[in-house]
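Novice: Could you put together the complete structure from these sequences and hints?
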Amino acid sequence: MMQFMILFSRQGKLRLQKWYISYSEREKKKILRDLTTIVLSRKPKMCSFIEWKDLKVVYRRYASLYFCAAVEPQDNELLTLEIIHRYVELLDKYFGSVCELDIIFHFEKAYYVLDEFMLGGEVQETGKESALNDIDMQDLIQEEECKTKEEQADISVVDVSGF
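Heads up: the sequence shown runs through residues 283 to 445, numbered per the working numbering.
Where hints are given, some of them may not hold.
[Claimed, not checked] Derived lysine-lysine pairs resembling BS3-like cross-links, with alpha carbons at most 30 angstroms apart:
hint: 1; residue 1: K311; residue 2: K295
hint: 2; residue 1: K300; residue 2: K325
hint: 3; residue 1: K335; residue 2: K310
hint: 4; residue 1: K338; residue 2: K295
hint: 5; residue 1: K338; residue 2: K311
hint: 6; residue 1: K391; residue 2: K429
hint: 7; residue 1: K327; residue 2: K311
In case anyone wonders, no lab produced these hints; they're calculated from the structure.
Specialist: Structure follows, in structure tokens:
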């Protein structure tokens, strides 16, 4: 089971974090600081698997972002790499060639894609098309709600300047 997934830039700036196990804020900050330091200090030719504390950390760099996942020691590292890759594929299809700026400015969508793909640290939807269809449906529902709220706001505005 995945314990957490974090995304950070080459400069060490945190872009996304998803925790599937409860940690205190202090522990989270220490984990983030330790892992970004360890991963960023590794050379590109080094293995993408790290045994860290009582977890296995699997990471992969895509462009300027590092995708890092911590799993239990008995979990398969290659499967974790595939999970990371599938998440990147979903982001690519959703955003159309995802980049760091998409994650920064549309972080809620990046979280939603991850939540549609993973649940409680386990993969819940393996089919890309099915996950993307669900995400598109959610976007349509959200757009409809926004339109309805705008229409209600327009109706409730009353011109009282003539009084």
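Novice: Now look at each hint and say whether the structure bears it out.
Specialist: Hint check:
no.	hint	verdict
1	K311 - K295	holds (12 angstroms)
2	K300 - K325	holds (25 angstroms)
3	K335 - K310	holds (14 angstroms)
4	K338 - K295	holds (22 angstroms)
5	K338 - K311	holds (18 angstroms)
6	K391 - K429	holds (19 angstroms)
7	K327 - K311	holds (28 angstroms)
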